[in-house]
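> Sequence lines, in order, name chains R and Y.
Counting in the numbering used here, the first sequence runs from 1 upward without gaps.
Counting in the numbering used here, the second sequence runs from 265 upward without gaps.
Please keep in mind that the hints were generated in silico from the structure rather than gathered at the bench.
All C-beta atoms, glycine included, are put in the ideal place defined by N, C-alpha and C.
Be aware that a few hints might be false.
[What the hints assert, rightly or not] Counterexamples of contact, computed for chain Y against chain R with all Cβ distances above 12 Å: (1) 346; (2) 369; (3) 498; (4) 602; (5) 667.
[To be verified] Keeping only pairs whose Cα atoms sit at most 25 Å apart, straight-line, the calculated SDA-like set for lysine to any residue is: (6) R:73 / Y:658; (7) R:120 / Y:352; (8) R:194 / R:213; (9) R:26 / Y:647.
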Amino acid sequence: MIYPNSKTILEVRNLCASVSGTPILKNMNFTVKSGEVHAIMGPNGSGKSTFSKVLAGHSDYEITSGTVLFEGKDLLALAPEERARAGVFLAFQYPIEIPGVGNSQFLRLTYNTVQSHRGKEELDPLEFDDFVREKMKLLEMREDFLDRSVNAGFSGGEKKRNEILQMALLEPRLAILDETDSGLDIDALRIVSKGVNYLANKDNAIVLVTHYQRLLDYIVPDFVHVMEAGRIIKSGGKELALELETRGYDWVSDEYKAAARVAA
Amino acid sequence: MNEATAQSSSSYLQNLLAGQPRVEASPQAWLNQLRSAAVETVSELTIPTTRDEEWRFTDISLLTRVSLQPAHSTIKLGTADIKQFFIEEATTRLVFVDGVYAPKLSTAAGKGIVVSNLAAEIAKNSAIIKQHLAQHAALKDNAFAALNTAFLHDAALIMLPRNTAVSAPIHLLFIASQKEVVSYPRCLVLADNGCEATVVEDYVSLQDEAYFTNAVTEFVLADNARINHIRVQREGAKAFHIANCSAILSRSSNYQSVNVAMGARISRYNLNIKMAEGAECSADGLALIAGRQLADTHTCIDHAQAHGVSRQLHKCIVGGAAHAVFNGKIMVRRGSQKTDSQQSNHTLLLTEKAHVDTKPQLEIFADDVKCTHGATIGQLDQEEVFYLQSRGLSETRARNMLTYAFGAEIIERIPVASLRRSLEQTVLEQTSTQL
Chain R
1 MIYPNSKTIL EVRNLCASVS GTPILKNMNF TVKSGEVHAI MGPNGSGKST
51 FSKVLAGHSD YEITSGTVLF EGKDLLALAP EERARAGVFL AFQYPIEIPG
101 VGNSQFLRLT YNTVQSHRGK EELDPLEFDD FVREKMKLLE MREDFLDRSV
151 NAGFSGGEKK RNEILQMALL EPRLAILDET DSGLDIDALR IVSKGVNYLA
201 NKDNAIVLVT HYQRLLDYIV PDFVHVMEAG RIIKSGGKEL ALELETRGYD
251 WVSDEYKAAA RVAA
Chain Y
265 MNEATAQSSS SYLQNLLAGQ PRVEASPQAW LNQLRSAAVE TVSELTIPTT
315 RDEEWRFTDI SLLTRVSLQP AHSTIKLGTA DIKQFFIEEA TTRLVFVDGV
365 YAPKLSTAAG KGIVVSNLAA EIAKNSAIIK QHLAQHAALK DNAFAALNTA
415 FLHDAALIML PRNTAVSAPI HLLFIASQKE VVSYPRCLVL ADNGCEATVV
465 EDYVSLQDEA YFTNAVTEFV LADNARINHI RVQREGAKAF HIANCSAILS
515 RSSNYQSVNV AMGARISRYN LNIKMAEGAE CSADGLALIA GRQLADTHTC
565 IDHAQAHGVS RQLHKCIVGG AAHAVFNGKI MVRRGSQKTD SQQSNHTLLL
615 TEKAHVDTKP QLEIFADDVK CTHGATIGQL DQEEVFYLQS RGLSETRARN
665 MLTYAFGAEI IERIPVASLR RSLEQTVLEQ TSTQL
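Looking at chain R on its own, in the form it has when it is part of the complex (with noise of 0.2 Å):
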């Protein structure tokens, strides 16, 4: 939601990156203020999901000019898991598995190292079962879910699930949901965004990558962005993922070329 006199969260200034000498981002420009939820939508290949892993200091991608301001400072100077501590989080596409470590001793580490940079209390194994459990609530998850180990045999719903409520732990300044609809049926895409909604304050902000107009009439955007071939060739509100569902990208991306043709 767009609040007045809202603070700046993040600030991307002509971010360029490559991957192994290939450029991907070219310019990109984005700006997100607490409160707000922006979603980031684009065909294949246009770097929606390179940018997101950029944001979160994936160390496959070269930054090569540009600058990323996150409340005002450096991000790409900060390692991943500062970062992490500082308030961005990424719920990942593809979220890995760790057989052999439990998922509540995963959860409880991630909370209470997150916690600990913070300056903020830690939870022995008692607490951090308690608190973890009311959130669990709020994404409808078994009680089972927290013996198992870190994501193995999870359905692609148990898994995206997991994810938020990782988020739901952590609480971010800054989430960025990478494809987090993708492969989900109706029944956990409705959890997943009843979450993300919950979640959403007016001190935190939301980046939705996606694909599909559908999740965002579950989680309802206030600006929606066109990525193409590594940068946002346009912006509007949510009425435009609702244009794009119906006309496709085809006619964003010759709009924009025909308005580059004129600048020149």
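Fit chain Y to the known structure of chain R by using the hints.
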């Protein structure tokens, strides 16, 4: 093989045999004969070299440079000295110090089930022991197994009567306390029809100098017997550990084994499982090594009859300049139809110098069977490390957790909670110091 090596390797065995005449004669003539026959066998064999196919990757020449003697005296140990090794769930425990039975440190069982020193039990159960001891073909023509038999005196004997279920694990604890000593641990487990038990075979050390453990373990499972066998090799850093284990599985019996190798400078474990109709087994393993350690696991699962089920997951975590070897043979004999066998071997190499040789070997002579096998070798997945970092964990912490998890998948299969916890702790410590 040239003359000179043959000479030196056989003379090495002769040197090891030099102490054999001092082994106390048994009142059982057959046992004395068994030993003499073993002495003969050793005399005909040479110590294996990397020119032997079965020892291609495992160079044990370092062993031949250490002068070794059987323990002539034993160090007096009290319970307090070895309590750290105890397994809390185990109500029966046999302790051997440098291969010698330590009755004061042991809690044997003699009623119903037998968990005792073989030297003490042999008169009472001579016939059945004679029938099984050192009779498995897999132990023949094996210089180390024959050496062990040549020195056979004290040994862990477990006899489980028909349809008995022993819920508490039985702990066989082999402690090395002196340097330059060779010990010959021996276990014989006779599991009668329908019995159930968990046996923990555990090798530990109280010192860090070189010594040699040459162990032989035999399991004989009668029809429908169910045995869990957990083997933990946590020998001292300069130790040599060579062990042969054979398990004979009768009809519809079930042998579940987990073998963890984390100690010793050089270790070799041969596991031979022979399965009758409808028998089931698992042969899981974890080698966790670093520095200049070498850990070699050779297994052979022999589906000698139809309807057998075997499962094997063997993992290696190799750090430093260590070297892991895995050779997993699955044999499906003619007529062993409906065999169902799965084998996988995964190795995690933590450093540039870490090294693994892995060789799955399937020999299938029946046409209606289901056999799968697979092997992977790799480093930690960068995406997995990134995932954990994105949750606030440092890179080191993330790597440790993934390494730990890789090993924990095997440790989790150990059905003794306190042992599982203590090994998980060891894996956690090892994986965090190696990085």
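> Against each hint, give a clear statement of whether it holds in the structure.
Results for each hint:
1. 346: holds, 30 Å
2. 369: Given that every Cβ of chain R is farther than 12 Å from that of residue 369 of chain Y, nearest at about 34 Å, it holds.
3. 498: holds, 20 Å
4. 602: holds, 27 Å
5. 667: violated, 10 Å
6. R:73 / Y:658: holds, 20 Å
7. R:120 / Y:352: Between residue 120 of chain R and residue 352 of chain Y the Cα gap is close to 38 Å, so the pair fails against 25 Å, i.e. violated.
8. R:194 / R:213: holds, 16 Å
9. R:26 / Y:647: Given that 25 Å is the threshold and the Cα spacing comes to 24 Å, the pair holds.
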